[in-house]
Amino acid sequence: ADTAGKRIALSNNYAGNSWRQAMLRSWEKVTSAAVADGTVAAADAFTTAENQVTEQAAQIQNLILQGYDAIVINAASPEGLNGAVKEACDAGVTVVSFDGIVTEPCAWRIAVNFKQMGKDEVLYLADKLPDGGNLLEIRGLAGVFVDDEISAGIHEGVAETGKFTIVGSVNGNWAQDVAQKAVAGILPSLPDIVGVVTQGGDGYGAAQAIKAAGRDMPVIVMGNRQDELQWWKEQKDANGYETMSVSIAPGVSTLAFWVAQQVLDGADVPKDLTVPFLRIDQGNLEENLATTEAGGVANVEYSLEDAKTVISGAM
Amino acid sequence: MTDGPIVLVDGVEKRFGAVRALSGVTLDLQAGECLGLVGHNGAGKSTLMNVLSGIMVPDAGRIVIGGADLTERYSAVSAMAQGVRCVFQELSLCPNLTVAENARISHPAISGIGWRRRARALIGGMLDQVFPGHGISTDDVVGDLSIAKRQMVEIARAFAVTDREARVVILDEPTSSLDGVSAEKLLAHVRRYVAAGGTCVLISHLLGEILNISDRIAVMRDGGVVALDSARAFDRKSLVAAMGSVAEGLQGPAAKATPKRADAPAVLTARPETKSETLALSAHKGEVVGLAGLSGQGQTELLVRVFRHAAGTEVRGDVALVAGDRQTDGIFPLWSIAENISIGSLRQFLNGILLDHGRAQAFAQDWRARIGIRTPDVNQPILSLSGGNQQKALFARALGSTAGIIVMDDPMRGVDVGTKQEVYAMIRDEAEKGRTFLWYTTEMDELRNCDHVYVFREGAIVADLPHAEMSEEKVLHASFRDDGVRVSA
Amino acid sequence: MIGAIFSPRVLRGLLPPLSLAVLLISIFWLQPRTMSYFGLNLLLNLAVPIALATIAQMFILCVNELDLSIGGFVSLVACITATWVQETPLFGLLALAALIAAYAGLGALIHIRQLPSIVVTLGMSFVWLGLAVLVLPTPGGKAPDWIRSLMTLKPPMIPFPIIASVALALIVHVALMRSAGGTVLRGAGGNPAALARAGWSILRIKMTMFALAGFFGVLSGMALVGLTTSADANIALRYTLLSIAGVILGGGEFVGGRVSPIGAVIGAMTLALAGSFLSFLRLNPDWQIGAQGAILIIVLALRLLIRQAEKRR
Amino acid sequence: MSRAAILRQPWLWAWVGALAVWLATAAFTGGTGSGQVISAALTFGAFFVIVALGQMFVITLGPGNVDLSIPACMTLAGTVSMKIMDGAGAMIPVGLAVAVAVGLAVGVINYTLIRALRIPPIIATLSSSFIFQSAAIWYNRGLRVKPPEALGDFTTAKIAGMPFIAILVIGLAVAMHILLARTIYGRSVLAIGQNMRAAGLAGIRVERIRAITYIMCATLAGLCGYLLAAFSGGAALNMGEEYLLSSIAVVVIGGTSVAGGFANVPGLWGAALFLFLLVTMLNTFGAGAGVRLVLTGLIIIGVIVAASGGRHKREG
Ligand SMILES: Nc1ncnc2c1ncn2[C@@H]1O[C@H](COP(=O)(O)OP(=O)(O)OP(=O)(O)O)[C@@H](O)[C@H]1O
Ligand SMILES: Nc1ncnc2c1ncn2[C@@H]1O[C@H](COP(=O)(O)OP(=O)(O)OP(=O)(O)O)[C@@H](O)[C@H]1O
Ligand SMILES: [Mg+2]
Ligand SMILES: [Mg+2]
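Protein chains in written order, with my numbering: chain A, 10 to 324; chain B, 4 to 492; chain C, 7 to 319; chain D, 10 to 325.
In short, the hints are calculated from the structure, not lab data.
Heads up, the beta-carbon is just placed ideally off N, CA and C, and yes, glycines get one too.
Worth double-checking, as some hints may not be accurate.
Far from chain A by the CB rule (all over 10 Å, computed), these chain D residues [said to hold, decoys possible]:
#1 177
#2 221
#3 302
Pair by pair, the computed Cβ-Cβ distance ranges are [what the hints assert, rightly or not]:
#4 A/276 / C/103: 32 to 42 Å
#5 C/187 / B/138: 26 to 36 Å
#6 D/127 / A/281: 19 to 29 Å
#7 D/124 / A/281: 53 to 63 Å
#8 D/147 / A/312: 22 to 32 Å
#9 D/28 / A/281: 50 to 60 Å
#10 B/200 / D/127: 46 to 56 Å
#11 D/93 / C/103: 52 to 62 Å
#12 D/147 / A/143: 35 to 45 Å
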């Protein structure tokens, strides 16, 4: 089938941090090219004012009314939008969810294995710190599933490796200043810690708080923000500081776009796709830092070819 | 019911912190009588009535109604059940409800299907009976009514009868916000009610009213009843003497006959905002200008416009205002008396950019003494003052300011006779010194203090009377439309 | 006669429906597809839980208090509905009844200790959210079928959200604005001292109003789950501000017992539609958030215009 | 001051609460790091106090007055000033001026909506906050620009273990206390909060005072955005989120009356420390998020109930 007449919408629930901004920009960049060369007729992005399920549900319902052929969703909740998603499917709209995925069976899901991501953090630390020790965990926003997944992975990793104890856990809400504040508060009461496991967007804040408390710098797992990488680089140059950084690339929105396009094109696409997370190590730090915009997030954008590879890989 | 008093309060005491509001008051009420209750501001009249209507628990003493001692567990509910009704000094209506709905609040018997119709009939009928020609619709929202109309509604509500009769009706300064004509209507109704066997307690600072209407008169002073006798046993002078006021000497026309208009410059001119034909008002330096007429004819609006230097007025100099509706326009309830007085003159206490609290304190002390506010300490909360004393504090605020023009919105509501005379003298004195007063009043006596009187009717100024030409007859004549029914005063 | 119909009070009352009408017409104009049974259903169904929460807030505002916890409360109810009510209906409904009782208790606490309701409910917003996280640590659960089928009802001719909103507005209007008992409840907002003097118990009134708020909060949470099919702990946090804005938009005031149930429902609808209106405009993503603010301002400015036009007449 | 008079001080309970949770934390950890916790509390408390000072004056104006645009204003001021400075030390004063100017502009817009369009403040500031948030997004699209190093060092500096920023904000609080208690402006705000109509009729320039108050509140938010962005290494689009409810909570827990007309500054510091130490205590105890939230709520209510203990119900 031809998708030149098809219209695709992005329903995004939050725009309040650099990751989401990078995601929106990747979308804009890739889809405007696709519209210009006539691959699709339109690819509009919609963002809700506040990160709320109800608002996004209403937004999806409005997109149905506007007659979009496909809706690409980064969802505020994996379950809370199922009502609206079902309405969309019933109205014949293709729904593709990514990052924040939805569980409604009629929708496609481009998932990241968040649990594995959490576990990998601990496995890396176990490798690097053979003697084990105490860990501080910085979590995201309570009651959100990504937070639970990553945390579950971390705890699984801790149990498997058997070397570490999590001596403190705070909610940093994926925000720099909140993480900094929470860490500064709990730090004085903690014994020595060897590592900090994080969820992204909070590593630099933790480093600031630890520095302010005058403690030895533990291994802080970073989350691909440019300021985190920059700080890591400075430490690396100064004293050989070693760590790793891991997060999901904001450009996954473009993969979702191509998947939606493929579905509209009549391609046979499995309902569940997985994308690897973007991991940066001691070796490729400089290279990634160089390609990351100042104040932004390390990113990977997808082309139609990349998307086809991901799809066929999942068959 | 002829045997024994219908209500007896015996040895009632009530203290508020250091203030002894009631010190062993004994008073009886007989069926079919009107008891007049007078006393200086803060004598304890309202407190006694609050005790009688069950909303304040006395510290000591007995309350006996219809021969039964109800002191234990006496409450607002039991007072209502006994047919004791009270029109309180401060507004007791819900401003967000309609007149009919307010009737329902104090008459729980009105309920079920069709309650609204019955409430309308009840309150509307009673309003027609007490204040014929009142101009109030039972569907008016109370908050939109003038203070006089609210007072009428409250009075009518107290007299209204549902499943419970109104055996004792207490009226705490009911006429203070009514114009003369409405007050007459109310007093006539009180007489009818008493003649039919009801009992009424009337509290007022208008001694003429008390002397005319009451069967017996009780005089309170400093928390106790100091005289109680048949009304015939008192006259104006002996009442004043019993209340302990001394300043009553300055009766009669106080205004100078020498007209100031000739040589003093005009400091303000104003014209009411109205579509009908109207005269303009002007006031010259050092004049006391009276605004007369029935209540709610646009006087307050004009005062506020002068105060704000609004368009259509020409005002030279600062203006201070003495509010009459003190609850909504005057007091700051969280503050002390001193803070309430000094807020109008803050600039005087500046030391650089900072306020000197010591000077503000001294200022308040000074005015407390000058205007005789009854309180042991100006740092007490303003709400600890009796109604009349709160009003005095507002006077102190305005007179203490540096404003050259003072507008007064029926400011003597609830002020006792003694104080009134002192305030009149103070106004004259300040006028001599060059201040100009705009004085809206509903009391004929007060107009005699004015150099010039403008009479308002339906939002317009319809008469302009210099002091020499002013008479009660003329004011009343101007207050009513020619084709209207003349109510004899 | 005309004068009586267009008295200031009536006109003031007409403002909220007029704003709603203008918004609705603009939406119809932008996207004619919405002007159908299917379209109206999609446009308005999520406004139903918001309207219920707004009514809950209105009961609190009516007695001069403010509830900053209603969003958390609705979230908790949604979590309980999607779990306990679904699995063990009796226990679940008991838990919801206990929540209503807790609301009444809050009213009593606030009155007896003379506490500022803002602080108490601010504290309670943490409590409700915490309980919601405990009941449902990760998003999920499932709406009981009966609620789901109620909320997706397709009555003939008129879409369900419209019927539900009209019924809600009318029932609360009759109960609060027209009945003898409702009058007393409102009076407590206008002049509590006067009610106490007339022998009414302010404590009981406060408890009743809070319990009513709790009741409508429960309905809101259940309706919400019926639409979303499952819950999460953060699902309705936004309702706190939405409900306050809805009451005010509907002509209610913060103090003095001046509220209007019909206005509140209309206010909630207006807020819900404002968001839709914008997505039909297809703005640049940078300004989509700001446009939501702009539209609120425009709706309110519209009211000012009408008010001034009325004054000039 | 007599014992009874001290017990009646409205700020007392916030301080008692702060002390109690600090002691509880210290008891749990056996005293390890208790001093450092205080230092952290002072640092982070300072940011809350800056915005709470403005919010306090606004809330004191009376029922319905509240500024919900504080978070957006902080974000916008932080974003714009960081980008303009672009890490250059010489631009620090310019950045400060820009942040303050953003605050002023936000305040003027808020007040214009309230006054000219007669929009209730709660809705006016909520609506405008969306616009400011959008402006911040549009201006820099969420990129985190680093603050000049000297500025970052300044905000994290300590003098004898005492965070420098806390010292500054204590000074600011003292100034605000004097503003409230000893100036015509302060008296006017208190009067308006009790009875706006009476205030106008007592000769107070009601609208001028309201304008000043909203503008001052936004300006303080702008200043806070600048300092917080410098402190945490750049402005983020969500940096102010927490400050929406917290600014109100700090004000009311600190003993300011939400009904208006009564305010107090010392309570702000007490409440800010209390809220920080409370979260720290629950984190230290290792409570899960659910339990932590429930306890936070219950303890806040507990403090308020305790604070109301000395208050007697008025009769009549
Ligand atoms: N709630 C209260 N708290 C403290 N003191 C009070 C209170 N109510 C009344 N008082 C004091 O009790 C005394 C008697 O007051 P009350 O109101 O009974 O006087 P009143 O005779 O009615 O005066 P007025 O003619 O001015 O109305 C006054 O000194 C007053 O200050
Ligand atoms: N007719 C009135 N009588 C008394 N008070 C009023 C009246 N109308 C309005 N007010 C109240 O008084 C407040 C003061 O309004 P106004 O704009 O006149 O202030 P102002 O003190 O003259 O301010 P400025 O001159 O500094 O702008 C209004 O906001 C309103 O709440
Ligand atoms: Mg009295
Ligand atoms: Mg009179």
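Any hints this thing doesn't respect? Which numbers, in order? Per hint list: 3, 4 and 6 violated.
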